[in-house]
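Asks: Given next are the chains, with one letter for each unit.
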Amino acid sequence: MAPPASSAARRPAVRPQPAPRRPPLRLFESAPRSRHRSRRRPTVLVAVALIVGSLLSVVAADDLVAQGQIRLSHTQTLTAAALTQQKQLQVSVAQLSAPQIVVTEARQLGMVAPTQIVDLPSVPLNVALPVPNTAPAASTPSTSHTP
Amino acid sequence: MSPIVLLGRRTRALRVLLLVIFVAMALRLVAVQEFSHQHYASLSSAELTQTVTVPALRGGIYDRNGEVLAESVTKQTVVADPFLIKNPGAVADALAPVLGLPASQLRSDVTEHSGFVYLAHRVSDAVAAKVTALNLTGINLVSEPQRVQPAGQLAAPVVGTVGTSGAGLSGLEYQYQSLLAGVAGTKNLLESPNGVALPGSTGTASTSAKPGTGIELTLDESVQYVAEQALGAEVLASHAVGGSVIVMDVKTGDVIAMANLQAATSGSGSSSSAQTVASTSSSSTSGATLTAQANTLPAGVTEAPSNTALTQVYEPGSVFKLVTFSSALQNKVISPSQTFSVPNSLSIGTYTFHDAEAHGTQTMSASDILDQSSNIGTIEIASALGETRLLDQISNLGFGKPTGLNFPGESQGLIPGASAWTGSSIGSTPIGQNDAVTAQQLLDAYNAVANGGVLVQPRLVRGTVSSSGAMAPAAPATSRRVIDPTTNAELTTMLEGVVTGGTGTAAAIDGYTVAGKTGTAQIPDPSHLGYIPGAFYGSFVGFAPAQNPVLSAVVVLDHPTPIYGGAVAAPVFSTIMEYALHHYGIPTNAAATTSTSSGAVGGTGTVTVPAGAATEGA
Chain A
12 MAPPASSAAR
22 RPAVRPQPAP
32 RRPPLRLFES
42 APRSRHRSRR
52 RPTVLVAVAL
62 IVGSLLSVVA
72 ADDLVAQGQI
82 RLSHTQTLTA
92 AALTQQKQLQ
102 VSVAQLSAPQ
112 IVVTEARQLG
122 MVAPTQIVDL
132 PSVPLNVALP
142 VPNTAPAAST
152 PSTSHTP
Chain H
31 MSPIVLLGRR
41 TRALRVLLLV
51 IFVAMALRLV
61 AVQEFSHQHY
71 ASLSSAELTQ
81 TVTVPALRGG
91 IYDRNGEVLA
101 ESVTKQTVVA
111 DPFLIKNPGA
121 VADALAPVLG
131 LPASQLRSDV
141 TEHSGFVYLA
151 HRVSDAVAAK
161 VTALNLTGIN
171 LVSEPQRVQP
181 AGQLAAPVVG
191 TVGTSGAGLS
201 GLEYQYQSLL
211 AGVAGTKNLL
221 ESPNGVALPG
231 STGTASTSAK
241 PGTGIELTLD
251 ESVQYVAEQA
261 LGAEVLASHA
271 VGGSVIVMDV
281 KTGDVIAMAN
291 LQAATSGSGS
301 SSSAQTVAST
311 SSSSTSGATL
321 TAQANTLPAG
331 VTEAPSNTAL
341 TQVYEPGSVF
351 KLVTFSSALQ
361 NKVISPSQTF
371 SVPNSLSIGT
381 YTFHDAEAHG
391 TQTMSASDIL
401 DQSSNIGTIE
411 IASALGETRL
421 LDQISNLGFG
431 KPTGLNFPGE
441 SQGLIPGASA
451 WTGSSIGSTP
461 IGQNDAVTAQ
471 QLLDAYNAVA
481 NGGVLVQPRL
491 VRGTVSSSGA
501 MAPAAPATSR
511 RVIDPTTNAE
521 LTTMLEGVVT
531 GGTGTAAAID
541 GYTVAGKTGT
551 AQIPDPSHLG
561 YIPGAFYGSF
571 VGFAPAQNPV
581 LSAVVVLDHP
591 TPIYGGAVAA
601 PVFSTIMEYA
611 LHHYGIPTNA
621 AATTSTSSGA
631 VGGTGTVTVP
641 AGAATEGA
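The listed protein sequences correspond, in order, to chains A and H. Numbered according to this note's numbering, the first sequence spans residues 12 to 158. Numbered according to this note's numbering, the second sequence spans residues 31 to 648.
What the hints contain is simulated information worked out from the structure, not anything from laboratory work. It is possible that part of the hints are untrue.
[Said to hold, decoys possible] Derived DSBU-like pairs (lysine-lysine); straight-line CA-CA distance at most 35 Å:
| # | chain 1 | residue 1 | chain 2 | residue 2 |
| --- | --- | --- | --- | --- |
| 1 | H | Lys431 | A | Lys98 |
| 2 | H | Lys217 | A | Lys98 |
| 3 | H | Lys240 | A | Lys98 |
Given the sequences, and given the hints that come with them, work out the whole structure.
Replies: The following block contains the structure:
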């Protein structure tokens, strides 16, 4: 073992410079992020808002269509019911106006069939009717109504 | 090779592989979504939906004034979905009193291993409301069409019947089935994988049902009613087996009324009553009771099971003498005033022919022979006319040929040709005892005389009625001249004489001139040669007013007592024709003379049956 040297002798005159640090190992140089991110953020927000808004619009439109379908279905049901009722009322009217019903009702009201039907002679409309005889009888004295 | 290089190669290979996989998936996706989507959609739809048929509402049948004779209405049918019913016993007990069915039967129905079971078909509205009010899970109402006849059995043999499936079975319902039925639609219902319809699934209509087209008949409900009443009363009074009446518009050939009745036997009466009850009870609520109360016919008479006026042939008897006289007049073989020596009987071949009433040999004019309906005199005229001309006139007047109505089961008659004639045929044919004809054919021939010698084809349908109510008129009836005008005028005068002083005086109508002919014909025995002793058809065919005919009619009674057409059929003709003439406002002779002279009814004084516009009620 060598004798210990003095501290000055053992200290090198020039402290050796540390080896230059190697840059961190990177396969790709990353792009400067912060600036791009700040630029893209509004675009992304708008896009997301548009997508969400579109989805909400579709949902709202679908809801409107569904409501319309329900109203249409309800109206169709009402129309079908009204048509059925109309048919049934039509049949009821036909039943009430059937000849046997009319005759039965008439008999119950005391009506009878005519024993003889006489046709009145037709009066021509293009010939003036004779003037009714309104002259007073000869034996009747005329009276004056003058005040 | 360094590991770095190797890694790079593997990475590239992986990228290529992934790219190929993604491209393949994309291509497959495009193929499925773009080119095969319908196939897969249909496979999916088949798994999830069931297609049910939506029946089309059948078209209605109306009279010439638009009155409903047959109409379809929607009724409710009670059905069950047993898969949804948790307590079948309670459901059956609740439904039994409402539906009027045994609880045991309902319990059996609602425990079937099925998703759809019929419980009661076409219930009344009141019952449907009660079922709805019960609010039973698994019990539903579905709509089904129901055929109703608001006028009951009026003209039933003509209108026909419809089966439970909704198809026409007889009459016009059968003849016009394709028109009346419409086109059924389809509906897709969502269902579970085991085939049960999903509750609340209203379904989507794939094709909508197209309602059937209605038909408007030439019949007039009021005249039809009067015809049936008058015929029914006579069937009862004369103890006849049945009878037929046809009333026709002379100019157009429109059949105004066509009645077919039979005396009610125990079997037929009950079946007819059952039909009436079925038609009324299943109809709507308010009118059903009234229809049941006032059914059309007198007790003891029912509607015939078929339209015998068109489907049944009979030997017409003396009404067939029209053929002999029209041909003899037209061929100048006779004149109305020409006289003949007429004995009481005449032997031809192996048969001896007689007149209806015994008399000595007498001199009769041709008019007298027709007035008194002398068989011997008619045979003498036919002998002078000859077989060929007689057969020609039979064919010329439409006997042995279709009438053109094409009614289901209609007969064209049985007319033996020259080859089938026997030695006695020249005796039996001219008096209507060798040929078989329908009542319609007989009326057509007399209607030709009423129409100035022009045979007009009869019509039962005036037009079609769309579901929106619009009417499309049918083509007018075709016509052809069969008797020359001079002969026709002579024949009309001779037929008028039958009513004024011959065998048909009971057909006279106050205020109107009537022309026509009576007939009393023996009925052949189908099991033996010859005729059934004491069995006759009594008939009358004619038209009015005689000199300006508007309506013609035929009345036939089967097995009446008395047997004579002049006694049983002529009064029925008078009753019906009098009503019809007044109904259509046809002026009486006096009124017509006055009107014609004053020019109020037009230059010729011609009047016709109004088309679809009745002037009076029933």
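Asks: For every hint, state whether the structure bears it out.
Replies: Do the hints match the structure? See the list:
1. Simply put, H/Lys431 and A/Lys98 have alpha-carbon atoms about 41 Å apart, too far for the 35 Å limit, and the pair is violated.
2. For the hint linking H/Lys217 to A/Lys98, the alpha-carbon distance of about 23 Å falls within 35 Å, and the restraint holds.
3. Distance restraint check for H/Lys240 and A/Lys98: the Cα-Cα separation of roughly 16 Å lies within the 35 Å cut-off, and the hinted pair is therefore satisfied.
Going through the hint list in order, the structure does not satisfy hint 1, though it satisfies all others.
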